[in-house]
Amino acid sequence: MGDGIQKDKEMGIASLAFDKYEELLWMGTKSGHVTSYYGTQMQKYTSFQVHPTDEVRNILTVEQCVLILTPTGLRSQLRRGIPVHTHTSDDM
124 MGDGIQKDKE MGIASLAFDK YEELLWMGTK SGHVTSYYGT QMQKYTSFQV HPTDEVRNIL
184 TVEQCVLILT PTGLRSQLRR GIPVHTHTSD DM
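So the sequence shown is numbered by the numbering used here: it starts at 124 and just counts up by one.
FYI, nobody ran anything at the bench for these hints, they're computed from the structure. It should be emphasised that the depicted structure is a prediction, and the values quoted were computed from it without experimental measurement. You may find that some hints are simply not true.
[Said to hold, decoys possible] Within a straight-line C-alpha distance of at most 16 Å, the following computed EDC-like cross-link-like pairs (lysine to aspartate or glutamate) qualify: (1) LYS143 / GLU186; (2) LYS167 / GLU146; (3) LYS167 / GLU145; (4) LYS153 / ASP177; (5) LYS167 / ASP142.
Input sequences plus hints: build the corresponding full structure.
Below, the structure is given as structure tokens:
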């Protein structure tokens, strides 16, 4: 179980990634939600919905942003949760 998991949607954590540039752990759910946690107490830093139904397949951190992959899209977000760019395709 993790933050952003809704009872009426498929439950579970689909991906985890350690941030290479900040002291953050990123978690993506099967219901398209992403949350980051910081510190030894795992306090929530940011939390946002990436897609209304698709699972988060992978999370990659780069110096400028976080890249989030779903079955139909690739999204770039600032670590504060602000979306930068979204690319969608049925052929992902």
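For this session: Check each numbered hint from earlier against the structure, then list the numbers of those it violates in ascending order.
Result: none
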